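A.B. asks: One-letter residues, chain by chain:
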Amino acid sequence: MKNLNLKIFLIIITGSLYSTTSLANNNLGEWKPQIVEKMYILPPKHLNKVLNNDFNKSILAVNLQNTDNKIKNKIEKISELKSMLEGASKEESFEIKHQIIINKRDYIKDMNNLLLMKKQKLDTKKIFFKKIQRNMKRNSFKSKASSKFINNKKSAMKRSESLDFKILENTSYNLSKRSKYFEQYQINKDAVMKLKLAIEKHPMNNQNILAKDPANKMEAIRNYVHNLETEMAVLAMKEKMINYMAKIVALDAMSLVENVAFAADGQNEIIQTNFNDPVNVISVFTN
Amino acid sequence: MSKFIKTITIILSITAATSVNANSLDTLERERAKALALVLNKSISIGDRKKQLENSKLKLLDLERITINSKDINKNPSYQTIKAFENFDFTFLVHSSLEKEKSFSISWLEKLGLTTENLMNTRVIRK
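Residue numbers (numbering that gives the first Met the number 0), protein chains in the order written: chain A, 0 to 286; chain B, 0 to 126.
It should be emphasised that the hints constitute simulated quantities derived from the structure, not laboratory data. The model shown is predicted, which means the values in this text are computed figures rather than measured ones. It is possible that part of the hints are untrue.
Derived DSS-like pairs (lysine-lysine); straight-line CA-CA distance at most 25 Å [as the list claims (entries may be wrong)]: (1) A:K147 <-> B:K110; (2) A:K153 <-> B:K49; (3) A:K153 <-> B:K58; (4) B:K58 <-> A:K165; (5) B:K99 <-> A:K153; (6) A:K153 <-> B:K82; (7) B:K82 <-> A:K179; (8) B:K74 <-> A:K141; (9) B:K101 <-> A:K153; (10) B:K74 <-> A:K130; (11) A:K157 <-> B:K82; (12) A:K179 <-> B:K70; (13) A:K157 <-> B:K58; (14) A:K147 <-> B:K70; (15) A:K188 <-> B:K41; (16) B:K74 <-> A:K188; (17) A:K48 <-> A:K136; (18) A:K157 <-> B:K49.
Generate the whole structure from the sequences, applying the supplied hints.
C.D. replies: Structure, rendered in structure tokens:
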């Protein structure tokens, strides 16, 4: 009996101090995306895939999976304990209820950790996409500033390309006089042209409209950020739910304590008198 | 003393790094200056000039092509680079001369406004 009281006392202490803030755990593992900056040019859909693959390799993902499994086990255990309640004696039912409360407490703890991990994942993703957004904005600003130069350079390249034939045909630039650079230039240029044609003919190139148009890419990334923010808002609501669950568990624990106390009173049949009330001590004075 | 050595080392390494960063445009500019000096050099024979200009042309052609196709200069182009591409005919002498099908010295002089016609039309006047 003493043991049971001690357990109940512990439940009350843990239950009353229960709040999601106290559950904050910093050892949830971390995820730092290991994606090189060159990957940023990928279309958002592929980028998101790469990001998810990167996450799956992180410690945070492993911890998330483990916690998920733990939660499933806890729920199974709680329903198992609940099924045991029917047909149990009074003493046994107290013990089972006690076990249910402990499991519920663990479930809330794990669920809270799970939500924190999911939040961390979403936060990291959001930061990543925001970084890409910033880079794109900076690049578009830079390209606007240097657009005149880029146009001049493009026209210079066109003019020089149009002279390739002339240089090859020109008698003053015959084979013996042609430089090593120009010979290599011709070979490489032909190879580049072949590759360019292959890229244009590639079926994925036609599908990949987002990668071609930076405005579309920006819009797609904005949508990803919006989705992440929505998911985070849903998580915040779930956190609130966990808070309420914790309160219910604390109330359950208190109710169990009361029930145990009443049962103990009934067993011992000792009527304790409150001597602090003068009404109860009148007999002491009168008799 | 050790601080002084450290400072000197840092300054020298920075200087060395900047010299390494010299881009293709700088090399082209140097070669172009040499070629133009050759055009304006009165102390060499016509034959020598022709021979040396031919070599210079080949070098310039390569350097011009390298500069035009260089992607490094796209990032943060300097004022000098921007101006170089604004004035294609002055910067890329050999390319410009091939377009006009003239020798690059004539093409350059014409671009400056020193054509035979202009020179013939000039009059000596006293101010």
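A.B. asks: Indicate, hint by hint, whether the structure satisfies it.
C.D. replies: To see whether the hints hold, each was checked on the structure:
Restraint check for K147 of chain A and K110 of chain B: the C-alpha separation of about 23 Å stays at or below 25 Å, so the hint holds. The straight-line distance between the Cα atoms of K153 of chain A and K49 of chain B is roughly 32 Å, outside the 25 Å bound, and the hint therefore fails. Straight-line distance between C-alpha atoms of K153 of chain A and K58 of chain B comes to about 22 Å, which keeps the hinted pair within the 25 Å bound. The suggested pairing of K58 of chain B with K165 of chain A holds, with an alpha-carbon distance near 17 Å, which does not exceed 25 Å.
Taking the CA atoms of K99 of chain B and K153 of chain A, the gap is near 20 Å; set against the 25 Å cutoff, the hint holds. The hinted pair formed by K153 of chain A and K82 of chain B meets the criterion: a straight-line CA distance of about 14 Å does not exceed 25 Å. For the hint linking K82 of chain B to K179 of chain A, the alpha-carbon distance of about 29 Å lies beyond 25 Å, and the restraint is violated. Proposed proximity of K74 of chain B and K141 of chain A is supported: the alpha carbons are some 9 Å apart, at most 25 Å.
Between the alpha carbons of K101 of chain B and K153 of chain A the distance comes to roughly 24 Å, so the proposed pair stays at or under 25 Å and holds. Annotation: proposed proximity of K74 of chain B to K130 of chain A holds, straight-line Cα distance about 20 Å (limit 25 Å). This hinted pair checks out: K157 of chain A and K82 of chain B have alpha carbons roughly 18 Å apart, not beyond 25 Å. Distance hint between K179 of chain A and K70 of chain B is fulfilled; the C-alpha atoms sit about 21 Å from each other, no more than 25 Å.
Simply put, K157 of chain A and K58 of chain B have alpha-carbon atoms about 21 Å apart, close enough for the 25 Å limit, and the pair holds. At most 25 Å may separate the alpha-carbon atoms for a hinted pair to count; K147 of chain A and K70 of chain B meet this at roughly 16 Å. At most 25 Å may separate the alpha-carbon atoms for a hinted pair to count; K188 of chain A and K41 of chain B exceed this at roughly 40 Å. Our distance criterion of 25 Å between C-alpha atoms is met by K74 of chain B and K188 of chain A, whose separation comes to about 23 Å.
Among the hinted pairs, K48 of chain A with K136 of chain A is consistent with the structure: their alpha-carbon atoms are about 23 Å apart, no more than 25 Å. Of the pairs offered as hints, the one joining K157 of chain A and K49 of chain B is violated, with about 29 Å between alpha carbons and a cut-off of 25 Å exceeded.
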